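S.K.: If you want the building blocks of each chain, they are given just below.
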Amino acid sequence: MENRSKHLLLSTRKPRGISTALLTGLLALTPMGPLQAQEGGSAPVQVIEPDIEPRSISEADIDSEFFEVGAFAGMLTIDNFSSEPLVGVSAAFHATEDFFLQFNYGMSEAGLTSFEELSGANVRLLTDDDRDYSYYDFLVGYNIFPGEIFFSDSLTFNSAFYLVGGVGNTEFGGESNFTTTIGTGFRIVLLDWLTVHVDFRDHMFNSDLIRESQLTHNIELSSGITLFF
Amino acid sequence: MFTALVLTAGASPGVSQAADPAPVLEVADPFIELHTAPGRGYPVFHVIEKGEQVELLKRKTNWYKVKAVSGETGWTKATQLGRTLQPTGLPADLPEVTHGQYLESSWRVGFTAGMFEESPSFSLTAGYRPLTWLGAELEAGKIYNESVTSDYYGANLVIEPLHQWSLTPYVLAGYSQFSFDARQKVLLSELGDADGVTFGGGLGYYIGRNFLIRAEYRVYSVSSNSDSTGLSEWKIGLNTFF
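Here the protein sequences come in this chain order: S and D.
For the first sequence, our numbering assigns the number 1 to the initial residue and increments by one for each residue that follows.
For the second sequence, our numbering assigns the number 1001 to the initial residue and increments by one for each residue that follows.
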């Protein structure tokens, strides 16, 4: 608390470039202080008020990178249906070096079940609209193995292997389904602000679309890039 | 190029941050270690000794990217850099890393997962805390019953007066609105809305500087068609704040 009030008392409204420039001037002046005090026994001491104000550092002065947004594409294997292309967007907030929160939205479209394939063109369990598959989820991530990868002697990138888990919603077959998602991923930090990642995820929900209610596993394998800002 | 753009975007109105020189600090610890990347697993490749100056370049999670006078650029942990001096000789007022100040004027976002009676539920929350002991929170969620899916929206007041322990207890009171969607349209055609008041409490645990886990129990008094039902919900929430 003491620091905070000091900060308030001492903070400056002046342009900061000037104060730093003048600081060098102040440093040059400091040795004169004791000198003056010594010779001025009775003479009035002239106090020179420095024309600078102390500068303190606040969070806003520092460029911080907590947020990450990106897009991904891959394959989604829809349980009982087929494997189809998947596209999506993601956003993440990196709270500490270990933990992050992530939001994902992805969409795909289911193909035919084996039963439909075998039964011919006039047997369809779902309408085309109901074959749209979309999900969103909120995941918490943990960077379990941070490290570095070496492409060559001179080319090194930071990387991390992470685990994610969370909950979300899946729209499929005209129904909303409570979905639990777990997965792993690997991230390579190409630049401070650019990363590329590969993810493996299992989206699990109970579905009675085809038969008795059962837990379906919908496996996603995807890759994408994200930007930090 | 990208970094420069972001700097300008992040600047407070009236202050041209891109023109500002990076903040400079003097090392007060015997030494600070420079890692190759923001993470404790990354190797230390340089140390900056006491009395030397460092330039603060950027921040990523709880790490700062700094530049030594000799030109080396690396990452150092916020707790180490917290013990540095400004050019004026005063301790640097870097963002605090103590527990009590997590609770001051923070925006927070997060999500929860839980069980509403027998049905799984999740929600997305956004909150603001104007006072250290009082905050407000908006919530949007979904409940998945076997025959009905419900969307709900709510607003809660969160009272968190005790901060001295690492587990922070809180109570909440709020109002929620529910709408229902039948899974089998043939069985249930029209379902009305309902609203209810919420009372609950829980425990919060802070991990790092801006990560909060909450465990919560709530009771709802839901009224629809002049009928009132008592329902309960357990949930676990994960929040980050800034």
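It is worth saying that the hints were derived from the structure and are not from the lab.
Only a predicted model underlies this, so the values are computations on that prediction, with no experimental measurement involved.
All residues carry an ideal CB built from backbone N, CA and C; glycine is no exception.
Please note: incorrect hints may appear among the correct ones.
[Unchecked claim] To spell it out: a stretch of chain S is covered by chain D in this simulated footprint if at least three of its residues, at any positions, have a beta carbon under 8 Å from a beta carbon of chain D; those stretches are:
{"no.": "1", "region": "81-93"}
{"no.": "2", "region": "107-121"}
{"no.": "3", "region": "137-143"}
{"no.": "4", "region": "157-170"}
S.K.: Could you run down the list of hints and mark each one as holding or not?
M.R.: So, going through the hints one by one against the coordinates:
no. : hint    : result
1   : 81-93   : violated (count 1)
2   : 107-121 : violated (count 0)
3   : 137-143 : holds (count 3)
4   : 157-170 : holds (count 6)
In the structure shown, a violation is registered for the earlier hints numbered 1, 2, in ascending order.
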